[in-house]
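K.L.:
Read off the chains here:
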Amino acid sequence: MTSTVLASGTAADRSPGSLWRYRWWFLLTLLPLLLIAGGKAGLVSNFQFLQLSLMIVYSIAVLGLILLTGFNGQISLGHGAFFAVGAYTAAVLIDQAGWPFWATLPAAALACFIAGYLFGLPALRLEGHYLALATFALAVAVPQILKYRHIEPVTKGVMGINIFKSDPPFGLPLSTDQWMFLVVFAVAVLMFWLARNLLDSRTGRALIAIRDHPMAASTMGVNVARYKTVMFGISALYTGIAGALHGIIFEFVSPDSFRFELSIAILVGAVVGGIASLPGAVIGGVFVQVIEKYADALTKKISAAVHLPLELEPWLIYGVALIVLMYAMPMGIAGGVVALWRRLKGS
Amino acid sequence: MRLPRLTLAMAGALALALTANSASAQKKYDEGASDTEIRIGNTNPYSGPASAYGQIGKTIEAFFKKVNDEGGINGRKVTFITYDDGYAPPKTIEMVRKLVEEDKVLLVFQTLGTPSNTAIHKYMNAKKVPQLFVATGASVWGKPTEFPWTMGWQPDYVTEGVIYAKHILANVKDPKIAVLMQNDDYGRDYLNGFKKGLGKDADKIVQVATYEVADPTVDSQIIALKNSGANTFFNITTPKFAAQAIKKAAEIGWKPAHYLNNVSSSVGAVMKPAGFESGQGILTAAYIKDPTDSQWAKDADMTAWNGFMDKYYPGGDKKSTFPAYGYAVTSTLVEVLKRAGDNLTRENIMKQAASLKAVEIPLLVPGIKVSTSPTDFYPIQSVRLSRFKGETFELFGDVLSNEAD
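Protein chains in written order, with my numbering: chain S, 1 to 347; chain D, 1 to 405.
Treat the hints as calculated values from the structure; they're not laboratory data.
Accuracy of the hints is not assured; some may be wrong.
Across the chosen pairs, the derived CB separations fall in these ranges [claimed, not checked]:
1. D/Asn125 with S/Ala141: 44 to 54 angstroms
2. D/Glu102 with S/Phe170: 24 to 34 angstroms
3. S/Phe170 with D/Asn125: 26 to 36 angstroms
4. D/Lys166 with S/Ala305: 47 to 57 angstroms
5. D/Leu169 with S/Leu110: 13 to 23 angstroms
6. D/Thr303 with S/Val306: 31 to 41 angstroms
7. D/Lys318 with S/Val306: 43 to 53 angstroms
8. S/Thr176 with D/Asp310: 23 to 33 angstroms
9. D/Val206 with S/Gly128: 41 to 51 angstroms
10. D/Ser401 with S/Pro106: 47 to 57 angstroms
Straight-line alpha carbon distances no greater than 25 angstroms define the calculated DSS-like cross-link-like pairs of lysine-lysine that follow [claimed, not checked]:
11. D/Lys311 with S/Lys156
12. S/Lys301 with D/Lys369
13. D/Lys318 with S/Lys300
14. S/Lys40 with D/Lys128
15. D/Lys127 with S/Lys40
16. S/Lys300 with D/Lys122
17. D/Lys66 with S/Lys156
18. S/Lys300 with D/Lys143
19. D/Lys104 with S/Lys300
20. S/Lys156 with D/Lys122
21. S/Lys156 with D/Lys58
22. D/Lys311 with D/Lys143
23. S/Lys300 with D/Lys66
24. D/Lys66 with S/Lys301
25. S/Lys40 with D/Lys311
26. S/Lys300 with D/Lys65
27. S/Lys301 with D/Lys77
Just a sample of chain S residues kept apart from chain D, beta carbon distances all over 12 angstroms, derived [what the hints assert, rightly or not]:
28. Phe47
29. Gln96
30. Ala137
Even for Gly, the Cβ is constructed at its ideal location relative to N, Cα and C.
Given these sequences and hints, build the entire structure.
P.N.:
Below, the structure written as structure tokens:
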């Protein structure tokens, strides 16, 4: 749902004074309410709410990377690191300082913006593959740093931090998972709305110009260095908020939650979803959660269903899905669907 | 005439109703159990750095297939649902939530790994779903007052650490001890037990090196430990790293008195990849009959296990202790479920699990039995030492327990 509202940012829909222009907002309010009603009726389990929340969380993380890579042309293999910083900021503030969970979100956002901005400074000197490698090093280093002995009183070392459930306020008749789903959904809508507005502005056009041709952009008066570093900060901010939400809904953070595989997963999500597309972020988030987490179970089920005589490796489906997707839809699923739609319309 | 007959009929009907009632009253179920089925959940590292343990999950699955083929447990078929968690605690949390909330299992069995089980410990006890016979020997699993829904199975790491320490003090002249440990509660538990066993001689530990599960190798740690001048080595590692450590130590010509923790005492998964030559003389503690040990060649349990492996798990490694471990631990669960009879509530299952009195379990080393009580949640508390010779571990000495506890 979120995807469509952002995709349709064209002037044609904006007939003023008509309720019609609010239709997407209406749908965006209706969707979670329907799901909650489903939850009340016992159709959607708490576990499924957790799954939905995780999909949304990964969507926000993938969105962060899409803003950076898809719209600004900077490659990052290290966004898992910012995800971790966000998650730990939230977890430590809740666990040690007793903050309410919602207050940790702006804190995580700020911490990650600063971290991303600072990392963006040296990143200016690095182009393409070199930047990818530098960010990759960051992704590898962060779990180790979190385990560092002298900060163990704060991070609780390798065993991680258990946070307590945040119950719904005002005695709302919701389960914790339903309540957190609503929170995550609302945050995601806000973040996607901000991202669309950012891209739809002067700043957004400058960012895209830098991606397409940095030299031409600077000739036109765009301060390439400033835009790039700020963009790194904003991208990290998005991913950091996703990380904080992940920690909160999961009620647990540990260094092993944020191994470098997470960075790769976010990148794969962005590429599969559609690297330069906001709806692609949603698809990417769903992909990260569903395929990454269930490739193993899916492989098992399929081999059982067709009575394969040989045993399949757990990650087989994941690999096959990736290869097929890259061949069939090189622009990601969002790009592929748009191309398919155009072809159908054209013929 | 009429009246007595009526009374008789009524009495008969009443009696019938009563028996019928009491029969149905005996059958009690919690979610995950029914007249025909028992659902059991599990997570195992089928991928990732500890994937050698994946054999355990596959053995359990095969074992339940055998149980079902033989008619099930008290007539009920077991549905065993197992997911890969890659030895990563966050994934364990997610998969266990799925097992409990979506697959609606009666209990969770043999979840593997100290960090993973720690991550779900509170959740399982809040949900009051049994977390039975976890595949880790950390000492925290035996706390029935705080965590009445969690129980370990294998000898706890503290006990094992104490036993090694005592053996070193009695047998190694002027020991200078190097320790390599995994940096988590599993490693720390062993080290704590080890230090406890050394007592006032704890300063004999000259160096402790750690590694992370995500590390590619432990080569540099082994070099550092050799350079510390140690003549004794306590190796607290999971299979992949154990094999690396043994191999590297041999390569650089370090020949300490080598004590390997039990969780890696697998010939197939550790000693073979490390090279049999490199592993000669390594000591470990055993409570499971090693399938490669020739003294069990004609043993009834071992014959049965071999038959099971051929029929139900033909792809399994018959030189590894892990399938033997899986066989033994699942036998224990089956015994508990049998005893629970038709009262398959979670409460009754924990009650049955906590009232095993010196139960004989197949493949346990002779003299070692499974015992629990409402205050003792440590099912196995004894081991025997064994030494690697040729291509197999050979048992020696008596059955040892940690008398301190």
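K.L.:
Confirm or reject each hint.
P.N.:
Hints, one by one, checked against the model:
1. D/Asn125 and S/Ala141 have their C-beta atoms about 35 angstroms apart, which leaves the hinted 44 to 54 angstroms range violated.
2. Against the hinted window of 24 to 34 angstroms, the Cβ-Cβ separation of D/Glu102 and S/Phe170 comes to about 29 angstroms, which satisfies the hint.
3. Taking 26 to 36 angstroms as the suggested C-beta distance range, the pair S/Phe170 and D/Asn125 conforms, at roughly 29 angstroms.
4. Our hint of 47 to 57 angstroms for D/Lys166 and S/Ala305 holds, since their Cβ atoms are close to 54 angstroms apart.
5. Range check, D/Leu169 to S/Leu110: Cβ separation about 55 angstroms, and the 13 to 23 angstroms hint is violated.
6. The hinted range of 31 to 41 angstroms is satisfied by D/Thr303 and S/Val306, whose Cβ atoms lie roughly 35 angstroms apart.
7. Taking 43 to 53 angstroms as the suggested C-beta distance range, the pair D/Lys318 and S/Val306 does not conform, at roughly 29 angstroms.
8. Taking the beta carbon of each, S/Thr176 and D/Asp310 are about 49 angstroms apart, not inside 23 to 33 angstroms as hinted.
9. About 48 angstroms separates the C-beta atoms of D/Val206 and S/Gly128, a value consistent with the hinted range of 41 to 51 angstroms.
10. Distance hint for D/Ser401 and S/Pro106: a CB-CB separation of about 56 angstroms, consistent with the stated range 47 to 57 angstroms.
11. The suggested pairing of D/Lys311 with S/Lys156 is violated, with an alpha-carbon distance near 46 angstroms, which exceeds 25 angstroms.
12. Distance check on the hinted pair: S/Lys301 and D/Lys369 sit about 38 angstroms apart at the alpha-carbon level, beyond 25 angstroms; violated.
13. About 23 angstroms separates the Cα atoms of D/Lys318 and S/Lys300, which keeps this hinted pair within 25 angstroms; it holds.
14. A distance of roughly 23 angstroms separates the Cα atoms of S/Lys40 and D/Lys128; the hinted pair therefore holds under the 25 angstroms criterion.
15. In summary, the hint linking D/Lys127 to S/Lys40 is supported, as the alpha carbons are separated by about 20 angstroms, within the 25 angstroms threshold.
16. Simply put, S/Lys300 and D/Lys122 have alpha-carbon atoms about 29 angstroms apart, too far for the 25 angstroms limit, and the pair is violated.
17. Restraint check for D/Lys66 and S/Lys156: the C-alpha separation of about 43 angstroms exceeds 25 angstroms, so the hint is violated.
18. The suggested pairing of S/Lys300 with D/Lys143 is violated, with an alpha-carbon distance near 36 angstroms, which exceeds 25 angstroms.
19. Under the criterion of a C-alpha separation no larger than 25 angstroms, the hint pairing D/Lys104 with S/Lys300 is consistent with the structure, at around 19 angstroms.
20. For the hint linking S/Lys156 to D/Lys122, the alpha-carbon distance of about 17 angstroms falls within 25 angstroms, and the restraint holds.
21. Restraint check: the Cα-Cα separation between S/Lys156 and D/Lys58 comes to about 33 angstroms, which exceeds 25 angstroms; the hinted pair is violated.
22. Restraint check: the Cα-Cα separation between D/Lys311 and D/Lys143 comes to about 38 angstroms, which exceeds 25 angstroms; the hinted pair is violated.
23. About 20 angstroms separates the Cα atoms of S/Lys300 and D/Lys66, which keeps this hinted pair within 25 angstroms; it holds.
24. Restraint check for D/Lys66 and S/Lys301: satisfied, since their Cα atoms lie roughly 20 angstroms apart, inside the 25 angstroms limit.
25. With a CA separation close to 47 angstroms, the supplied pair S/Lys40 and D/Lys311 exceeds the 25 angstroms bound.
26. About 16 angstroms separates the Cα atoms of S/Lys300 and D/Lys65, which keeps this hinted pair within 25 angstroms; it holds.
27. Distance hint between S/Lys301 and D/Lys77 is fulfilled; the C-alpha atoms sit about 20 angstroms from each other, no more than 25 angstroms.
28. With 12 angstroms as the threshold on Cβ separation, the claim that S/Phe47 sits away from chain D is violated: the shortest Cβ distance comes to roughly 4 angstroms.
29. The Cβ of S/Gln96 sits about 18 angstroms from the closest Cβ of chain D, beyond the 12 angstroms cut-off, so the non-interface label holds.
30. Separation of S/Ala137 from chain D is adequate, the least Cβ-Cβ distance of about 15 angstroms exceeding the 12 angstroms criterion.
The structure shown violates the earlier hints numbered 1, 5, 7, 8, 11, 12, 16, 17, 18, 21, 22, 25, 28.
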